[in-house]
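Okay, here's what each chain looks like letter by letter:
Protein chains: 2
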Amino acid sequence: MNCLEERILKDGVVKEGNILKVDSFLNHQLDVELFDEMGAEWAKRFEGVEINKILTIEASGIGIACVAARHFNVPVVFAKKTQSVNLDGEMYTAEVESFTHKNKNNVIVSKKFLNENDKVLIIDDFLANGCALQGLISIINSAGASVAGIGIAIEKGFQSGGQIIRNLGYRLESLAIVDGMDPATGEISLRK
Amino acid sequence: MNCLEERILKDGVVKEGNILKVDSFLNHQLDVELFDEMGAEWAKRFEGVEINKILTIEASGIGIACVAARHFNVPVVFAKKTQSVNLDGEMYTAEVESFTHKNKNNVIVSKKFLNENDKVLIIDDFLANGCALQGLISIINSAGASVAGIGIAIEKGFQSGGQIIRNLGYRLESLAIVDGMDPATGEISLRK
Chain X
251 MNCLEERILK DGVVKEGNIL KVDSFLNHQL DVELFDEMGA EWAKRFEGVE
301 INKILTIEAS GIGIACVAAR HFNVPVVFAK KTQSVNLDGE MYTAEVESFT
351 HKNKNNVIVS KKFLNENDKV LIIDDFLANG CALQGLISII NSAGASVAGI
401 GIAIEKGFQS GGQIIRNLGY RLESLAIVDG MDPATGEISL RK
Chain W
251 MNCLEERILK DGVVKEGNIL KVDSFLNHQL DVELFDEMGA EWAKRFEGVE
301 INKILTIEAS GIGIACVAAR HFNVPVVFAK KTQSVNLDGE MYTAEVESFT
351 HKNKNNVIVS KKFLNENDKV LIIDDFLANG CALQGLISII NSAGASVAGI
401 GIAIEKGFQS GGQIIRNLGY RLESLAIVDG MDPATGEISL RK
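If you're matching them up, the sequences are chains X and W in order.
Sequential numbering from 251 applies to the first sequence in my numbering.
Sequential numbering from 251 applies to the second sequence in my numbering.
Since the hints were derived computationally from the structure, they do not count as laboratory data.
Just so you know, these numbers come straight off a predicted model, no measurement behind them.
Errors might be hidden in some of the hints.
You can't tell identical chains apart in this list, so a pair holds if it fits in one copy or across any two.
Said to hold, decoys possible - Straight-line distance between alpha carbons at most 25 Å, and here's what the computed BS3-like set of lysine-lysine pairs gives:
(1) K354 with K331
(2) K331 with K271
(3) K361 with K271
(4) K362 with K330
(5) K442 with K265
(6) K271 with K330
(7) K265 with K362
(8) K442 with K260
(9) K331 with K369
(10) K362 with K260
(11) K265 with K361
(12) K361 with K260
(13) K442 with K271
(14) K330 with K361
(15) K330 with K265
(16) K330 with K354
(17) K330 with K352
Using the sequences provided together with the hints, build the complete structure.
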């Protein structure tokens with residue numbers, strides 16, 4: 251069991267509606283020492299894979315990506331989310347629809363920071379239905395860059411996002427896969 | 251001249267309207283090695299100051315704060331920005347009005363992550379008129395916590411935010427203070 255899995259079992263809180271609250275260490279208060287261990291774990295799993303850039307998305311992905319990037323010695327680019335359509339032509343944009351929030355967002359990256367030579371590791375905090383991730387992949391494809399791999403902190407294994415990404419042939423390394431949660435008992439089942 | 255000042259002179263781009271574009275290393279593409287050097291510099295400047303938490307604000311502050319936090323061995327909390335008023339009682343909230351964008355935003359931190367024992371170092375990427383910073387200070391005061399110091403990457407010395415904060419008696423350490431910019435020549439004047 252890795253450091254993140256241990257922490258989820260210790261400090262994760264299950265709420266009604268398949269919600270796993272990890273705001274005490276992952277996405278509001280941030281345990282950067284844990285992020286460093288997560289970065290080391292991804293570096294081990296992606297050893298030998300050519301990676302020259304990490305792509306993440308605001309806001310919760312940024313801290314994890316930046317601390318992890320120290321293990322890869324590459325810069326981070328974070329995609330911006332906006333509902334605005336006030337964009338000039340110097341941006342890659344993907345419109346993604348959220349299953350959870352029922353709204354549409356643009357995922358945006360400046361063309362200056364992605365090109366056809368980039369081998370990109372995507373890092374994000376959560377993978378559930380995978381909308382944000384689909385937008386990031388779309389943007390990497392638009393730039394002619396390639397997806398070297400995908401590192402997710404917590405995958406909700408009972409939602410479809412992870413399976414779709416694996417079906418598409420991407421290498422997805424989730425540090426913890428939650429297969430089930432019980433709000434009555436607070437029990438969290440992690441995939442072995 | 252520190253690493254950030256050198257980088258601003260090398261890669262900062264001046265645009266009309268007192269805009270300094272540093273998106274190639276500070277707030278869109280992120281040079282995490284530079285962030286690490288910035289963290290080391292703040293650690294040196296705040297040596298001997300009791301700090302047990304770093305507070306920043308989404309989105310651009312998060313990466314800088316997380317990498318810097320490795321030099322302080324403390325967790326990071328990031329404040330959320332939202333225009334929503336759908337808040338329950340478990341949040342500290344400050345309403346701040348942006349001089350730049352003419353809109354009002356809420357700055358929000360869960361009550362779980364700030365309390366009267368916290369000695370907080372605030373970190374953010376930019377200080378101009380200081381609206382976001384004023385909101386963060388207001389939230390720290392609401393929690394009964396104390397502001398141990400403020401670390402800013404780039405202060406626009408020709409706008410009032412930094413002076414107000416110093417007048418209020420806070421210890422503000424800006425790694426680079428821009429005193430003037432010329433969009434015609436691209437020249438950037440840094441305070442010595």
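Evaluated hints:
no. : hint           : verdict
1   : K354 with K331 : both (10 Å within a copy, 19 Å between copies)
2   : K331 with K271 : both (22 Å within a copy, 19 Å between copies)
3   : K361 with K271 : between (35 Å within a copy, 15 Å between copies)
4   : K362 with K330 : within (14 Å within a copy, 28 Å between copies)
5   : K442 with K265 : within (23 Å within a copy, 53 Å between copies)
6   : K271 with K330 : both (23 Å within a copy, 16 Å between copies)
7   : K265 with K362 : between (41 Å within a copy, 17 Å between copies)
8   : K442 with K260 : within (17 Å within a copy, 49 Å between copies)
9   : K331 with K369 : within (22 Å within a copy, 32 Å between copies)
10  : K362 with K260 : between (42 Å within a copy, 17 Å between copies)
11  : K265 with K361 : between (40 Å within a copy, 18 Å between copies)
12  : K361 with K260 : between (42 Å within a copy, 20 Å between copies)
13  : K442 with K271 : within (21 Å within a copy, 46 Å between copies)
14  : K330 with K361 : within (13 Å within a copy, 27 Å between copies)
15  : K330 with K265 : between (28 Å within a copy, 21 Å between copies)
16  : K330 with K354 : both (14 Å within a copy, 20 Å between copies)
17  : K330 with K352 : both (19 Å within a copy, 21 Å between copies)
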